[in-house]
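Novice: From first to last, the protein sequence lines are chains A and B. In terms of numbering that gives the first Met the number 0, the first sequence has 285 at position 286, counting the first letter as 1, and numbering is strictly consecutive. In terms of numbering that gives the first Met the number 0, the second sequence has 98 at position 99, counting the first letter as 1, and numbering is strictly consecutive.
Hints in this document: simulated from the structure, not taken from any laboratory. Please note: incorrect hints may appear among the correct ones.
As the list claims (entries may be wrong) - Cut-off 25 Å, straight-line C-alpha distance, at most; resulting in silico cross-link-like pairs (DMTMM-like, lysine to aspartate or glutamate):
hint	chain 1	residue 1	chain 2	residue 2
1	B	K20	A	E284
2	B	K25	A	D324
3	A	K20	B	E284
4	A	K25	B	D324
5	A	K20	A	D298
6	B	K25	A	E218
Protein chains: 2
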Amino acid sequence: MSDLLRVVQYGLGPIGLEALKLAAAKPWIEILGGIDIDPAKAGRDLGELTGLPQLRGRPVVRTWEDLPATTAPDLVLHTTVSSFPAACAQLLPLARRGLQVVSSCEEMVFPQLRHPELAAELDAACRAGGARMIGTGVNPGFVMDLLPVCLTGVSRSVRAVHIQRVVDAATRREPLQRKIGSGQAPAAFRQLLAAGRAGHAGLRESLALVAHSLGWQVEAVVETGEPVVATRDIRTQFLTVAAGETCGIHQRAEAQVAGRTCLTLDLQMYLGAPEPHDAIQIAGEPPVDVLIRGGVAGDQATVAVLVNTARRLATVPPGLKLVTDLPVPRWA
Amino acid sequence: MSDLLRVVQYGLGPIGLEALKLAAAKPWIEILGGIDIDPAKAGRDLGELTGLPQLRGRPVVRTWEDLPATTAPDLVLHTTVSSFPAACAQLLPLARRGLQVVSSCEEMVFPQLRHPELAAELDAACRAGGARMIGTGVNPGFVMDLLPVCLTGVSRSVRAVHIQRVVDAATRREPLQRKIGSGQAPAAFRQLLAAGRAGHAGLRESLALVAHSLGWQVEAVVETGEPVVATRDIRTQFLTVAAGETCGIHQRAEAQVAGRTCLTLDLQMYLGAPEPHDAIQIAGEPPVDVLIRGGVAGDQATVAVLVNTARRLATVPPGLKLVTDLPVPRWA
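Assemble the whole structure, with the sequences as input and the hints as a guide.
Specialist: In structure tokens:
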């Protein structure tokens, strides 16, 4: 590839717009245009949507097919959906055209977990077309999977990996505050969580990615999700929660390997969570005990991971990739 | 390659023997033999040197050329020297034979720093012969370079990277306790440090590797090394130090980038150092503040890094590689 990466932004929601703005600031990226299904956005231009004058005249269209024929990107930043089948429907035509895609689709961080046949189909299409695709982000994609895997690189032996993340959701964007059930009745939200219709997406993908990277055969997964209930009235920039209402989630996934609980991922994300942090313990030889004070800030970091990954993706052979397949992450 | 990696251990000092023993325990490695210049070792066998019965009959020879012609390894674990020119003399013939080499040579973690022409020569020989070579370890090779680089993967922007490592040398092997000057007169040891004839090898290599990975042009490096002086008598498993004598080192390297100090590496390694730890701060957006409680144990982790890296090396194209070129580290 040339040193300049020509990029189309596919998905212009909050994360997509932030990714686009960060990408536009990189000297090694040229923004060609944007795609969003929202009729209120299509037909406008990226300068208008982002407030960045240098993006004036870069078109926004509703679908890939609506892009001008002269628009020939090297890479697509894809921020539309959490579901891999939904992402795949959008990405298969791009695979056939040999494009690179960095996607924020949570299930695509380890698509083999829920959709092995579809993952194989997209991988085959990428190889046939010379395309490279990857799902990533900060979580899933870094804090609870890639980073713990990386830390086992110093291990003679690994008995177990324990990962905790505590996020003060009051510091996060409004959609996340709503996604974690803020203000809902705990009983009703518990049902949504149990049905997988609320809460954090990607915990099982992170778990599966760590197990896969360590060559562990997972025999059983236990996953739990509980509302965190406010003990006092809470008011954020975006909403209010009364005492007794849901103010966030506590999700946990554990994997059994060779009859033992070898892998635990524990995520607490609620309004006002004290001492937010990420922690990773590798029980093994030597033991490794890592604390990230304050945690890795979600929204900023997610956008950064997408753009930074874009630079490394071209260094690997074509295919549908895992974040652990790429060279060591870095700021780009 | 086949799933089984056939390995020769080149260098049978303390680290080499430990690497060999760890490698011998891996189901994906077969040990073929060992090389050591020490006449007391050559002619014996690896079972005798390691105490591992399964290595009986695996020969130890003095030089590469003395290996039986039927010994055809895939990979060499190389643990002989800290100097890249000295390593290169041993490795150039192996490059021409298309071998894979994982080396503990500290200068080889970023050989372009002190020996760019020789690094280019070895890289060219590797490419011509289909060989892959890499220098790695826990420090240099992980804690003060690869891991900080990896953490910037979540960064929108990076203003500075600060890395500290505090090691209680009383918990380490005897050669390390001696290398840090234990028992020497501070004035004399300060001169050895200033001349680069004592202390930790590889701090400047780590600094250069971080800067290279972030695309930073280093304008100047300030490096300091001071003895740590014992304030009381100290007795370890291996030696004693009187109050007023050297009990370790405090080494520091700082890099100027664009007129600012953007990168600092600070290493304290002395007998009885309290609260040993590794710490990495990424000053940027978002800030990242990592503490590894207890630190990453040096000797065990070094050996683990060498063996774990062996599994990933075959996944990249031929050449002289940096640890940041390989896929994300992991236990193997």
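Novice: Now tell me if each hint is right for this structure.
Specialist: Verification of the hints:
| no. | hint | in the structure |
| --- | --- | --- |
| 1 | K20/B - E284/A | holds, 14 Å |
| 2 | K25/B - D324/A | holds, 22 Å |
| 3 | K20/A - E284/B | holds, 14 Å |
| 4 | K25/A - D324/B | holds, 22 Å |
| 5 | K20/A - D298/A | holds, 13 Å |
| 6 | K25/B - E218/A | holds, 23 Å |
Going down the numbered hints, you'll see the structure goes against none, and every one checks out.
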